[in-house]
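Peer 1: This is what each chain is made of:
2 protein chains.
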Amino acid sequence: MQIELINTGSELLLGRVLNTHQQWIGKKLADAGYILSSQVTVPDTAESICDAVQKALGRADLVITTGGLGPTSDDITREKISAQFNKPLQKNEAIVEHITSFFAQRKRPMPESVLVQALVPEGALVFQNKYGTAPGLAMSIPSERSNIGNSQPWLVMLPGPPRELRPMVETYLLPFIQQQFPLKEEFHCRTLRSTGIGESMVEDLLLENLRPLMEQGLDLGFCARTGQVDIRLCGYGPEILQKIAKAESLIRSEIGKYIYGTDDDSIEKSVVDRLIAKAQTIAVAESCTGGFLGHHITSIPGASKVFLGGFLTYSNKLKEKVLGVESGTLGKYGAVSKEVSIEMAEGARLKSEADHALSITGIAGPEGGTEDKPVGTVWLGLSSIGRKPIAIRKFHPYDRGTFKQATVNQALELIRRRLFQDK
Amino acid sequence: MQIELINTGSELLLGRVLNTHQQWIGKKLADAGYILSSQVTVPDTAESICDAVQKALGRADLVITTGGLGPTSDDITREKISAQFNKPLQKNEAIVEHITSFFAQRKRPMPESVLVQALVPEGALVFQNKYGTAPGLAMSIPSERSNIGNSQPWLVMLPGPPRELRPMVETYLLPFIQQQFPLKEEFHCRTLRSTGIGESMVEDLLLENLRPLMEQGLDLGFCARTGQVDIRLCGYGPEILQKIAKAESLIRSEIGKYIYGTDDDSIEKSVVDRLIAKAQTIAVAESCTGGFLGHHITSIPGASKVFLGGFLTYSNKLKEKVLGVESGTLGKYGAVSKEVSIEMAEGARLKSEADHALSITGIAGPEGGTEDKPVGTVWLGLSSIGRKPIAIRKFHPYDRGTFKQATVNQALELIRRRLFQDK
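Residue numbers (my numbering), protein chains in the order written: chain A, 857 to 1279; chain B, 857 to 1279.
Please keep in mind that the hints were generated in silico from the structure rather than gathered at the bench.
In this text, all values refer to a predicted model and were calculated from it rather than measured experimentally.
Hints are not guaranteed to be accurate.
Just so you know, same-sequence chains aren't split out, so a pair can sit in one copy or run between any two.
Unchecked claim - In silico EDC-like cross-links for lysine to aspartate or glutamate, where the CA-CA straight-line distance does not exceed 20 angstroms:
#1 Lys1125 / Asp1255
#2 Lys1177 / Glu1104
#3 Lys1207 / Glu1182
#4 Lys1207 / Glu935
#5 Lys1134 / Asp887
#6 Lys1125 / Glu1223
#7 Lys1173 / Glu1202
#8 Lys1207 / Glu968
#9 Lys1207 / Asp1121
#10 Lys1177 / Glu1209
#11 Lys1207 / Glu1176
Could you build all of it, start to finish, from the sequences and the hints given here?
Peer 2: Here it is in structure tokens:
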């Protein structure tokens, strides 16, 4: 089955907005066994949109567009597609009512222009928009297709804003696809997520062992991001679950200690869940990462059960005053040192009365480096009740964003290993 | 001039990675007057990559590919393109040396497989990779092009990892484009960035006033993201700078108070720069955002001059112990209240001895809401030395990520307005 995604929006090509739809939709579909064949971004011009849709309908079973359904002057998808396929727009009273009450509930004045969103091409199915005003639209369209059977392809138009599009995909689009295009064979997919090991090394260690399973139809993929490598196992057929299980067991026997979770897990989720299970608590003391570690932990729903709080001690003065770091330690070793990272972790744990505390102190750059401690140097500390504190030194000579991300990953991994090693 | 971007990588279509290249490259090119005509993502198969490149070369003057140049088995772009255009791969000794010393410097063992990255198609230009091992490659390729003149299009292949690709675009690709495809007319672009006003409202207020300038060739674009709207003014020609200036002045007279900056400014950058200029300092007290506000402020290089630190007081106990919030206030009004937000801001300012302190306390959800204070409710406080503290209530009934982003934007905007209103 061929599925093509068309993201419309000149602001995407001008680089004014990040295209998060591609990843989000791609993942949702792939997890259900439907894999995007290609994705294209085109500007908000009638010619570009119509041309892209026409070409895609000539190849694919399902074409999904995003964007261009709103009320402003560059939102032209609905109108142009309706004209192109000769499906006149008709006012839908249920949508008019939804839009009107949407504005009324928010006590905002309703510009007349927003009612354009209640127009529906003749014969189109409507996907309700609970979080906004423009509904999604699905149309079955005759097409001359060279490489596919007789069935007509579907064109589905989704609104651009992620918080409107995402619930719509989950509530309406996925069930629609599963009904219109049932999978011919069972499909399963499992991702093992690792950190602390490079992509080449992962591949070197695994590829030969997994080849026999791949020859039996297991699809294996590696995907690297800052400090992490995902290993994706999936495939179709009645025995695929056993093949995936066999592959997982082979992988865990080779690189098990680097694997922190599966599928949608994140290191922070694995840490928060484990803390909840152990009824333990955590605090953080951050310097150069400025709250990014706390942000990661608190991005997990339920974090309030285990995260007591944190101390962003950017200045040396606050390191002393709030965390009780000794001025002698700061003077002798400098703020970026093993000794200070340990005193920060100990101080944060005592102050918050948490079971564990992580600390981070480093030089994010671009300024502040020295010969001994160049930009990118960072010390991570961990203090746990009843244990000797530990600290590790890392070096991430990259831009500020990458530095922060790599450092926070490692801090989370430090506590994760402790939580899973301890009984 | 037609420029097409081809992002290769099955992990993009499977939704395992976010395509940040599209935005980053699109913006860099557009800021220099070169606008992407389209972007496409294709899987890592020889057929898909070669087919996409061939089609793009038939339409465009410049085709840029990303990814597929690394050492692992799914990195096939270099090899397949070299075969497709009959440009045999030749070992480049300078690159061999670069790769060897890259591993030696990092004291990492060098797998033999990485030397495949030293192979260069015959006649290709090499863009050095200072931050990784795979160089970029540029090739001029004969093509049957229907709609363009006689010159041969260029194909440029860039490596996938952002920290390798980005410096390469700035150092090599942009100068290369400017030399190969000089702009025929002067080009300028200016973006005004606003917050606190919706996209429809911005358009309603501006469109009619700006129409005469648009008829004279000024290109106007709006772009909305969480809580923000960008207004982009650009165009070509000898008088474009005057037209942009005239438009900017019209816009500022209509919605000036919502405009926090221009071009690459962010609210946090505008806050940090203003604090530096005023030689003032800031601290934060965060509950539900868990460090996301501190992260935003410290993402700006130079933040250490003005950001003293922060207090992530997730638990009520820490709110009392660290910030001095009265237990009576917590008992009477609850943690999510005007009173507590003010005591948090005051406490953070006094404790850190900063000139200003921002506080955030709210209910990010999905749990913890009540009838009076549903999920999404948040109070923001601001305390400045010698001023009466203020607090505002906001409501963001969205997912946790959107809640955090919208809340942090508003906290930053709260201090920005104070910094720019005060003399």
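Peer 1: All hints are to be evaluated individually against the structure, with a verdict given for each.
Peer 2: Outcome of the hint check:
| no. | hint | result |
| --- | --- | --- |
| 1 | Lys1125 / Asp1255 | between (26 angstroms within a copy, 16 angstroms between copies) |
| 2 | Lys1177 / Glu1104 | neither (49 angstroms within a copy, 47 angstroms between copies) |
| 3 | Lys1207 / Glu1182 | both (15 angstroms within a copy, 18 angstroms between copies) |
| 4 | Lys1207 / Glu935 | neither (61 angstroms within a copy, 58 angstroms between copies) |
| 5 | Lys1134 / Asp887 | neither (31 angstroms within a copy, 52 angstroms between copies) |
| 6 | Lys1125 / Glu1223 | between (33 angstroms within a copy, 17 angstroms between copies) |
| 7 | Lys1173 / Glu1202 | both (17 angstroms within a copy, 19 angstroms between copies) |
| 8 | Lys1207 / Glu968 | neither (56 angstroms within a copy, 51 angstroms between copies) |
| 9 | Lys1207 / Asp1121 | neither (30 angstroms within a copy, 37 angstroms between copies) |
| 10 | Lys1177 / Glu1209 | both (17 angstroms within a copy, 11 angstroms between copies) |
| 11 | Lys1207 / Glu1176 | both (12 angstroms within a copy, 12 angstroms between copies) |
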